[in-house]
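Produce the entire structure from the sequences given, and follow the hints as far as they go.
For reference, the chains in residue letters:
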Amino acid sequence: MVNELKKYISEIEKNDKKGKKINALLQVAPIENSKKGLLSGKVIAVKANINVAELTASCGSKVLENYKSPYDASVIKKIKEEGGIILGMTNMDEFACGWSGETSAFGATRNPVNLDLVAGGSSSGSCASVAAGFCDMALGSDTGGSIRVPSSHCGVVGVKPTYGSVSRYGLIDMCMSFDQIGPIAKNVSDAVLLLSVISGKDDCDAISQESGKIDLKKIEETPKNLKIGLLDFPISDKRIQNLIDDKIKKASKKYKWKIEKVKIPYLELAIATYFPIVYVEFFSATRRFDGRRYGKKIEDVCGPEVLRRILGGNEITKAEHKGRYYNQALKVRALLQKEFEKVFRKFDCLISPVVPRLPHKIGEKISIQEMFQYDALTCVMNIVGNCAMSLPVGKIQGIPVGMQIACDKWKDELMLRIGRGIEKFK
Amino acid sequence: MSNFLFRKISEKEKKEIQKQAKEIVDNFSKQLEKVKSNFGESFTEIRDGQREEGEIKCSEIDREIFFENAPEKKGDFIVGERKEW
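Protein sequences, first through last, are from chains U and G. For what it's worth, this note's numbering labels the leading residue of the first sequence as 1, then goes sequentially. For what it's worth, this note's numbering labels the leading residue of the second sequence as 427, then goes sequentially.
Any given hint could turn out to be false.
[As the list claims (entries may be wrong)] Covered stretches of chain U (in silico footprint by chain G; criterion: 3 or more residues with CB under 8 Å from a CB of chain G, positions within the stretch not fixed):
id, region
1, 69 to 75
2, 126 to 136
3, 266 to 280
4, 305 to 311
5, 331 to 340
6, 363 to 371
[As the list claims (entries may be wrong)] Distance windows between CB atoms, simulated:
id, chain 1, residue 1, chain 2, residue 2, range
7, U, Ala-319, G, Lys-441, 42 to 50 Å
8, G, Glu-459, U, Arg-288, 45 to 53 Å
9, U, Leu-115, G, Glu-442, 28 to 36 Å
10, U, Lys-249, G, Lys-434, 48 to 56 Å
11, G, Lys-434, U, Gly-398, 29 to 37 Å
12, G, Met-427, U, Lys-249, 37 to 45 Å
13, G, Lys-483, U, Lys-365, 28 to 36 Å
14, G, Pro-497, U, Asn-242, 32 to 40 Å
15, G, Lys-462, U, Lys-14, 16 to 24 Å
16, U, Glu-370, G, Lys-434, 22 to 30 Å
17, G, Glu-459, U, Lys-217, 46 to 54 Å
18, U, Arg-324, G, Glu-442, 21 to 29 Å
19, G, Met-427, U, Lys-217, 48 to 56 Å
[To be verified] Below are the BS3-like pairs computed for lysine-lysine, each with C-alpha atoms no more than 25 Å apart in a straight line:
id, chain 1, residue 1, chain 2, residue 2
20, U, Lys-35, U, Lys-238
21, G, Lys-462, U, Lys-296
22, G, Lys-483, U, Lys-296
23, U, Lys-62, G, Lys-440
24, G, Lys-462, U, Lys-331
25, G, Lys-445, U, Lys-318
26, G, Lys-460, U, Lys-80
27, U, Lys-297, G, Lys-483
28, U, Lys-318, G, Lys-509
29, U, Lys-186, U, Lys-247
30, G, Lys-460, U, Lys-36
31, U, Lys-62, G, Lys-483
32, U, Lys-331, G, Lys-500
33, U, Lys-217, U, Lys-227
34, U, Lys-338, G, Lys-483
35, G, Lys-434, U, Lys-361
36, U, Lys-201, G, Lys-483
37, U, Lys-361, U, Lys-14
38, U, Lys-322, G, Lys-483
39, U, Lys-263, G, Lys-460
40, G, Lys-441, U, Lys-297
Everything labelled a hint here was simulated from the structure, so no lab data went into it. Glycine included, each C-beta is placed from N, C-alpha and C at the ideal position.
Here's what the structure looks like:
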């Protein structure tokens with residue numbers, strides 16, 4: 001066993017189920033790898049909705065708690081070919097349906113920075129594993145903010161690549177028209193390294209396209225004279241907006257970026273557009289969990305949030321509504337896409353907080369409307385298909401706060417160079 | 427108001443969730459119907475034109491594990507109840 005892996009295993013034994021009881025990992029089963037490549041010696045944790053041959057892809061659910069993956073997802077195949085060491089499977093909101101990491105059937109993931117707080121979701125275990133020092137990097141999936149939200153709360157770097165730039169073959173889907181696999185790491189350089197390995201066209205995912213090779217050396221070159229749009233959106237916690245404003249102003253001064261506030265029409269409708277589409281696609285995706293070919297029947301054992309989405313999808317697709325709800329959402333989705341095209345004709349990048357609030361306490365009572373707010377600034381990037389990332393930029397009362405950096409479709413490299421530039425800047 | 431921790435759902439709670447799901451969907455619809463739009467549905471543009479249809483090689487599925495996952499099986503078949511599909 002390589003020394004790095006030994007070190008991580010010892011930390012996991014100390015603090016995952018014992019000690020701090022972070023509960024970030026559902027299965028620790030390292031797949032050692034002697035291949036030489038870009039990821040040689042790197043220890044990588046995988047969200048439990050991505051298939052790794054012979055490991056358990058439970059999706060954080062009793063439905064698939066004994067489901068052994070019969071194959072590798074394309075991203076796993078690529079990681080293995082480049083020498084990466086798969087550590088095991090991470091905890092997550094049940095079927096990625098959650099904002100906080102609390103809906104997992106195997107218990108909530110604790111935030112390693114403050115153990116009383118949620119880690120954020122749905123890639124709670126992947127982000128907490130990186131933050132807790134259980135691995136070098138991790139894979140997550142992002143449908144409306146599921147990589148960026150927990151990355152922000154745990155103080156790590158999380159990337160949602162452009163829709164279609166990373167193959168989803170082998171990802172157990174939540175909403176195929178929004179789902180995207182992406183990297184989570186301690187810093188921008190490691191996130192870029194993992195992204196460079198997993199991105200690219202894959203015939204096994206019909207929507208995937210060639211995204212252009214990411215130049216690892218170019219990431220260190222911070223672009224100058226950019227036009228930055230600072231998103232004008234009501235944030236209830238002013239401390240978060242002030243932190244973001246302060247950081248981007250300082251970086252802009254250093255790199256000669258021009259900042260302008262930008263208000264985007266229909267942005268306030270992002271949540272109302274996002275969820276009907278998610279409910280419908282999730283309802284459709286879950287029809288295969290009937291307990292015959294594998295696992296248990298989903299309606300018999302799932303938790304409240306999964307059932308709410310199934311029943312919401314069932315309602316929307318009823319013949320009596322004649323597609324009204326779904327068509328409304330698709331039309332506003334098209335409007336938002338047009339508005340974002342306009343924004344990125346004028347600006348190189350769009351800056352905002354990742355989450356408009358700080359994480360709540362585990363088990364705290366919270367309304368569904370408050371929960372929706374966790375995704376208010378992130379889900380729109382999935383609606384329009386652009387790339388976006390969370391970069392830790394400071395703390396409020398000791399809790400990490402992430403800055404969302406979003407760029408136009410297929411401008412992932414530019415986004416990462418901007419992120420690295422801000423990261424370097426003290 | 428409730429917490430979002432996983433729990434087993436009672437029949438009573440299932441009915442409440444069904445009611446809540448309908449309310450959520452109706453509320454979203456009310457917000458969206460105010461938008462007057464001439465746009466059609468959205469679509470994802472494929473940059474490279476048409477997809478080439480060739481031999482697609484995906485990861486091989488391990489047959490043994492595939493059958494191991496099935497709750498009921500008989501030889502090369504997965505067993506399902508009659509008239510319930």
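Starting from the hint 37 to 45 Å, judge whether the C-beta atoms of G:Met-427 and U:Lys-249 obey it.
holds, 38 Å
Pair hint G:Lys-462 and U:Lys-296, alpha-carbon separation not exceeding 25 Å:
With a Cα-Cα distance of about 44 Å, the restraint between G:Lys-462 and U:Lys-296 is violated, given a limit of 25 Å.
Starting from U:Lys-62, check that the Cα of G:Lys-440 is at most 25 Å away, please.
holds, 17 Å
Verify the proposed pairing of U:Lys-297 with G:Lys-483, using a straight-line Cα cut of 25 Å.
Judged against 25 Å, a Cα distance of about 31 Å means the pair is violated.
Take the region 266 to 280 of chain U, compare each residue's beta carbon with every beta carbon of chain G, and decide whether three or more fall closer than 8 Å.
n = 8 at 8 Å, threshold three: holds.
Mind checking, does the region 363 to 371 of chain U have 3 or more residues with a CB under 8 Å from chain G?
With 7 residues close enough to chain G, the hint holds.
Honestly, do G:Lys-462 and U:Lys-14 meet the 16 to 24 Å range at C-beta?
violated, 59 Å
Check the hint pairing U:Lys-318 with G:Lys-509 against an upper bound of 25 Å on the C-alpha distance.
Status holds; Cα separation ~24 Å.
Coverage criterion applied to the region 126 to 136 of chain U (partner chain G; beta-carbon cut 8 Å; 3 residues):
Result for this restraint: violated, n = 0.
When you check the alpha-carbon spacing of U:Lys-62 and G:Lys-483, does it fall within 25 Å?
violated, 32 Å
Hint check: G:Lys-434 vs U:Lys-361, CA-CA at most 25 Å. Holds or violated?
holds, 21 Å
Could you tell me whether the CB distance from G:Lys-483 to U:Lys-365 stays inside 28 to 36 Å?
Given range 28 to 36 Å: violated, Cβ gap about 50 Å.
The structure shown violates the earlier hints numbered 2, 7, 8, 13, 14, 15, 20, 21, 22, 26, 27, 30, 31, 32, 34, 38.
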